[in-house]
Structure formats: structure tokens, C-alpha cells
Amino acid sequence: MRTYRKELWFDIPTRREFRNITPQVKACLDESGVREGLLLCNAMHITASVFINDDEHGLHNDFERWLEGLAPHEPLSHYQHNNTGEDNGDAHLKRTVMGREVVVAVTNGQLDFGPWEQIFYGEFDGRRRKRVLVKIIGE
Amino acid sequence: MRTYRKELWFDIPTRREFRNITPQVKACLDESGVREGLLLCNAMHITASVFINDDEHGLHNDFERWLEGLAPHEPLSHYQHNNTGEDNGDAHLKRTVMGREVVVAVTNGQLDFGPWEQIFYGEFDGRRRKRVLVKIIGE
Amino acid sequence: MRTYRKELWFDIPTRREFRNITPQVKACLDESGVREGLLLCNAMHITASVFINDDEHGLHNDFERWLEGLAPHEPLSHYQHNNTGEDNGDAHLKRTVMGREVVVAVTNGQLDFGPWEQIFYGEFDGRRRKRVLVKIIGE
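Protein chains in written order, with the numbering used here: chain C, 35 to 173; chain Y, 35 to 173; chain X, 35 to 173.
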């Protein structure tokens, strides 16, 4: 069995952003040499997501507005978590909706994707360096 | 290590439906010959889900009404994504709530499930042929 | 390839609770002897979750209030599922938001976690014995 591990680092300059990380994940898969197996890609922080959806700007705006409706950033006092001195109570909830991780099939050395599947890093509390983990097992 | 891959195709005649695909996934597992390992089952389209819950008709109606409340199909103009000519902005959001994928333990050649666990395909933008991927690794 | 399976049992005395199960999952990993691979941890019941977030009491209260807003327990008649004689229609929906499972990378014999990641069992219909599955594959 072959295993591979890499951390991808991001420093998003705004509080929230969706960034297509498919090229970086593909580069990991190429580097791993795995031809058949499973690839796990997860946020290592609890106010960020990794998810799969479409790379379409209007859709990302829809996600942003929808998440802000489901778990508004303000008023900060709405979240008990913010009593700890944080201001990211909403970010924990938004990340929960979007998900922590994706598991992707590796087939013939490729990410085994449908036509529109792309992997995104979803940042909900940015303006600092944060990490995504890529772990691949297979042969 | 043994690996297995299969696409399951669906052509749901309505916009939305939940379909129990446990029998097809079990058939994949039987065909794979894997006795111990992990099984990934994911939608290959970004307006559909694969999830695990109960096969109970009333619950599925509850899911349908709840998702329509969280991300209504209309008005279409509510979603920037629909400016691309699509009418499925809501479907991307509904699929996000229900999830893209499930990972299931394979033990002794069986799906290692609790008493009520069943795998569903969740269609949110049907009336065309769409795919689910089953990937199994193990031995 | 090495594989490992264990059931963790819980009997939560209230309807809802979040419990940090990271120590039990770590003990499974130690027992497995797996050094490199993937660990799946999933609820075996469809009214419970396994998820990763922060072990902070205020945040858990925020999750509780937020989920109750998204899918209120009462009125029971709000859910068709409750016509079956159950009173847990809301629990199926709450578990869907929080997720059924997590997949965690195993690296050098450890759960490969970021600084704040902890694994929780999310109970939404307690007061009875229920199970979580831990399955590990690797080498």
C-alpha cells in the first residue's frame, strides 16, 4: 500500500472566500504516484470547509448570501461562542453547512470526477494562515 | 489491495426525488469481492446527493418540505446562478445540505450498517441521465 | 493491509447532547496498530451524528439553539414522520445538518488533526443505547 500526505496553506485576505483548489489537489495526486485508491481532503481548522461544487461566480455569491442568512455574522452577541473573545461564532456554523471534508475516488491516477466537480476551500474566518490536509491511500 | 469502480445511472422523471439505492450498492460490493475495507458512494453531479437515512415515506416528505423552505426553487431570480440560463440555483444549495457522498465500512463482505441505515440518491434537478460513483478499496 | 473495527456504545440520558469522543477514537487507533491510513467514524443510527468541531461549551449551546431554529422539535405534528408514532422527525433533520460521519487521516499512528479538531457524538434522540462505528484501514 502507498500513502501520501501534504498540507496546503492559505492566507485569505478577507473574512470569507471560496477558492478552487483542484489544481493543487491534482498536483498532490500526481506527486503521490497512487493510481487506484481514495483521496481525503479536509480543512484542518474548524472555521473553514472543503467541499465540491461548481466553479461559477454567481453560485458562489448565492452560497455567500444563503449562509449569511442561515448563520449571520452579526450581531456578535448572538453567539455564546463569541463570549470567549472570538468573533467567529457564525464561521463554525457556516463551515458545518458546507462540510469539513471530501473523499474522492482515485482511478487510473486521476481524480474520478463528474463533468462539473471541482474542489473548493471555503474560508469563513480568514486573514490568517490556515491549512488543508491531503491524504491519499492506495496503490 | 483490491479496488473496484462502477457508475450507477439514473434518469429521474421529476425535478426532485429520493431513491433507495442500497440494493445496487450491495450488488457492487458483492461483485467487488472486497471483504474488509471502505466503500465510497458519491454523486458525480453537483445538483444531486448521496446520503444515508431512513426509508420512510413521511420522512422523505419532511425532507422535501424542509429543503424547499431552506432554499426555495422560486423565484428563479433569487439566485445569481440562474443568470447563466440555468434554473437550478436552489438544487446546488439543497444538495449541499444533504451531502455529496457517504463512506461506508465494509466488514465481512457486507455494508456495515446500523439497523435503519439505507443509502439514498437525492435528485434535485432531474429529468436527465445522471451518475453515482461507487468506489471500493480493501482486500 | 490491516483493518480494524469497533463499536462504541452510548446511552445519553437526555434527548440531545454533544459528547467529545476523541479519547475513545484515539484508543481504537492505538489498539488497531495502524500507522498510515484512513479512519472512518460514523453514527450507526439515523438520528445521531459524528462531526468534528471545537470543544467549547458556548459553541455547543450555539449549535443547539441554531439547530432548534432550523428544525424545531415541536410541534410534533409538523413532521409527517411523527405520524408513524415517532416523535423524532426533527432529529433526522438535525443529524443531516451535522453529518453522519467523519473520515480522518492516520499519520504516524496518530489522528492527523489541526490544533482544535475534536470528534463529537451528536445525539438528537437519546435516552436509549446507540452506537458509533470506528473502522480503520491502512498499514
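Hints in this document: simulated from the structure, not taken from any laboratory. Some hints could be false.
Unchecked claim - No more than 25 Å apart at the CA atoms, straight line, and that leaves these computed lysine-lysine pairs for PhoX-like:
{"id": "1", "chain 1": "X", "residue 1": "K40", "chain 2": "X", "residue 2": "K60"}
{"id": "2", "chain 1": "Y", "residue 1": "K60", "chain 2": "Y", "residue 2": "K40"}
{"id": "3", "chain 1": "X", "residue 1": "K40", "chain 2": "Y", "residue 2": "K60"}
{"id": "4", "chain 1": "X", "residue 1": "K60", "chain 2": "X", "residue 2": "K164"}
{"id": "5", "chain 1": "X", "residue 1": "K40", "chain 2": "C", "residue 2": "K40"}
{"id": "6", "chain 1": "C", "residue 1": "K60", "chain 2": "C", "residue 2": "K40"}
{"id": "7", "chain 1": "C", "residue 1": "K164", "chain 2": "C", "residue 2": "K60"}
{"id": "8", "chain 1": "Y", "residue 1": "K40", "chain 2": "C", "residue 2": "K60"}
{"id": "9", "chain 1": "C", "residue 1": "K40", "chain 2": "C", "residue 2": "K164"}
Given pair status - K40/C, K40/X, alpha carbons within 25 Å: Not satisfied, since the Cα-Cα distance of roughly 28 Å exceeds 25 Å.
Restraint status (C-alpha distance of K40/C to K164/C at most 25 Å): Cα-Cα ~13 Å, so holds.
25 Å limit on alpha-carbon distance, applied to hinted pair K60/C and K40/C: Status holds; Cα separation ~12 Å.
Straight-line alpha-carbon gap K164/C to K60/C, limit 25 Å: Measuring from Cα to Cα gives roughly 20 Å; hence the hint holds.
Hint consistency between K60/X and K164/X [alpha-carbon to alpha-carbon, up to 25 Å]: 20 Å, holds
Proposed proximity, K60/Y with K40/X (alpha carbon, max 25 Å): 22 Å, holds
Hinted pair K40/Y and K60/C, Cα distance within 25 Å: 22 Å, holds
Holds or violated: K60/Y to K40/Y, with C-alpha atoms at most 25 Å apart: 12 Å, holds
Restraint check for K40/X with K60/X, where alpha carbons must lie at most 25 Å apart: 12 Å, holds
Hint 5 alone, counting from the list given before, is not met by this structure.
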